[in-house]
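Hey, can you work out the whole structure from these sequences and the hints?
This is what each chain is made of:
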Amino acid sequence: MSHISTYSTDLQLNPVKGERAAKNDTSWQLFREALESVAEEHGGYVDEKISNYFGHERECTFALRVPQFQYGLGIDVDENTGRVSFLYDSYGVRDEIIETLKDDVKQTFTTLAVSQALNDLNYSVEFEEQVDDETERKRILVRGVM
Amino acid sequence: MPRQVDVEITSDGKLHLEFTGFPGEECFDEAEKIQKLLAGLGVHVNVDDIQRKPGGQIEAEIGLDEKREEKIPTQEGKN
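Sequences listed follow chains A and B, in order. Residues 1 to 146 (this note's numbering) are what the first sequence spells out, left to right. Residues 1 to 79 (this note's numbering) are what the second sequence spells out, left to right.
Hints listed in this document are in silico derivations from the structure and should not be mistaken for laboratory results. Being a predicted model, the structure only gives us computed values, none of them experimental. Backbone N, C-alpha and C fix where the C-beta goes; we use that ideal spot for every residue, glycine too. Warning: the hint list may mix true and false statements.
Unchecked claim - Where chain B lies over chain A, by a calculated footprint (3+ residues, C-beta under 8 Å):
hint: 1; segment: 6 to 12
hint: 2; segment: 120 to 133
hint: 3; segment: 138 to 144
Unchecked claim - Listed next, with one range per pair, are the computed distances between beta-carbon atoms:
hint: 4; chain 1: A; residue 1: 126; chain 2: B; residue 2: 57; range: 17 to 27 Å
hint: 5; chain 1: B; residue 1: 36; chain 2: A; residue 2: 129; range: 18 to 28 Å
hint: 6; chain 1: B; residue 1: 26; chain 2: A; residue 2: 55; range: 31 to 41 Å
hint: 7; chain 1: A; residue 1: 48; chain 2: B; residue 2: 61; range: 42 to 52 Å
hint: 8; chain 1: B; residue 1: 1; chain 2: A; residue 2: 86; range: 39 to 49 Å
hint: 9; chain 1: B; residue 1: 61; chain 2: A; residue 2: 121; range: 13 to 23 Å
hint: 10; chain 1: B; residue 1: 56; chain 2: A; residue 2: 99; range: 13 to 23 Å
hint: 11; chain 1: B; residue 1: 50; chain 2: A; residue 2: 43; range: 37 to 47 Å
hint: 12; chain 1: B; residue 1: 26; chain 2: A; residue 2: 14; range: 52 to 62 Å
hint: 13; chain 1: B; residue 1: 29; chain 2: A; residue 2: 137; range: 31 to 41 Å
hint: 14; chain 1: B; residue 1: 2; chain 2: A; residue 2: 129; range: 32 to 42 Å
Take a look at the structure:
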């Protein structure tokens with residue numbers, strides 16, 4: 001028997017205390033890798049603070065700084081639960097820019113996690129990226145063969 | 001017969017998994033292993049839908065694999 005299944009996903013990193021523990025945890029490593037990949041794709045970088053319309057800065061676990069969103073997309077990870085939440089000032093910024101960045105983070109992180117999971121199960125893994133002509137949204141295909 | 005898992009990750013974070021070449025109910029065990037590994041990596045999944053493939057489709061997949069196996073000696077012969 002073979003089957004097809006569909007899942008919705010929630011991001012929740014492993015709860016860790018302190019920067020050192022976070023650096024050694026695979027879920028945190030993959031999340032940082034995903035952020036760096038998205039930042040590079042959008043010509044930006046990963047930081048640890050965002051700002052608002054008035055120029056006030058706020059520290060967060062991670063911040064995605066890209067030219068299209070000058071205040072930055074903040075990401076807080078709860079140390080006790082690992083829950084991931086986004087924070088930002090959207091004043092004067094088009095919603096679709098922010099939504100695209102958030103989706104890119106989720107999609108890239110999920111892709112890295114799926115690849116890692118298939119690798120752990122000894123599959124050889126290949127990637128393919130497709131862009132829907134109508135919506136211009138990305139679909140990523142990961143194939144594991146054993 | 002090779003086992004294959006195709007995973008599509010959509011922009012809204014949904015996962016579509018297709019299992020091919022798994023005998024019996026093994027694909028469900030494999031799906032559970034993948035879910036557990038993903039949870040450990042920070043991606044928690046909720047099952048929205050599961051569809052068993054029809055028998056005809058599985059037979060077609062197996063037939064496809066037999067053709068692939070036949071090609072292997074030809075490729076080796078070229079090298």
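Hints, verified against the model:
Coverage of the segment 6 to 12 of chain A by chain B holds in this model, with 7 residues showing a Cβ closer than 8 Å to a Cβ of that chain against a need of three. For the segment 120 to 133 of chain A, the assignment as covered by chain B holds, since 3 residues bring a beta-carbon within under 8 Å of that chain's beta-carbons and 3 suffice. With 7 residues having a beta carbon nearer than 8 Å to a beta carbon of chain B, the segment 138 to 144 of chain A meets the requirement of three or more and the stated coverage holds. The hinted range of 17 to 27 Å is satisfied by residue 126/A and residue 57/B, whose Cβ atoms lie roughly 22 Å apart.
Distance hint check: the CB atoms of residue 36/B and residue 129/A are about 27 Å apart, consistent with the given range 18 to 28 Å. One distance hint, 31 to 41 Å for the beta-carbon pair residue 26/B and residue 55/A, is violated here, with the actual separation near 58 Å. Between residue 48/A and residue 61/B the C-beta distance comes to about 49 Å, which sits within the given range of 42 to 52 Å. A hinted range of 39 to 49 Å for the beta carbons of residue 1/B and residue 86/A is consistent with their spacing of about 44 Å.
Between residue 61/B and residue 121/A the CB atoms are about 20 Å apart, so this pair conforms to the stated range of 13 to 23 Å. Separated by about 41 Å at the C-beta atoms, residue 56/B and residue 99/A break the suggested range of 13 to 23 Å. For residue 50/B and residue 43/A, the Cβ-Cβ distance of about 41 Å falls inside the hinted range of 37 to 47 Å, so the restraint holds. One distance hint, 52 to 62 Å for the beta-carbon pair residue 26/B and residue 14/A, is violated here, with the actual separation near 28 Å.
Hint check: residue 29/B to residue 137/A, Cβ distance near 33 Å, so the stated range 31 to 41 Å holds. A hinted range of 32 to 42 Å is violated for the C-beta pair residue 2/B and residue 129/A, which are about 23 Å apart.
Taken one by one, the earlier hints fail for this structure at numbers 6, 10, 12, 14, listed in ascending order.
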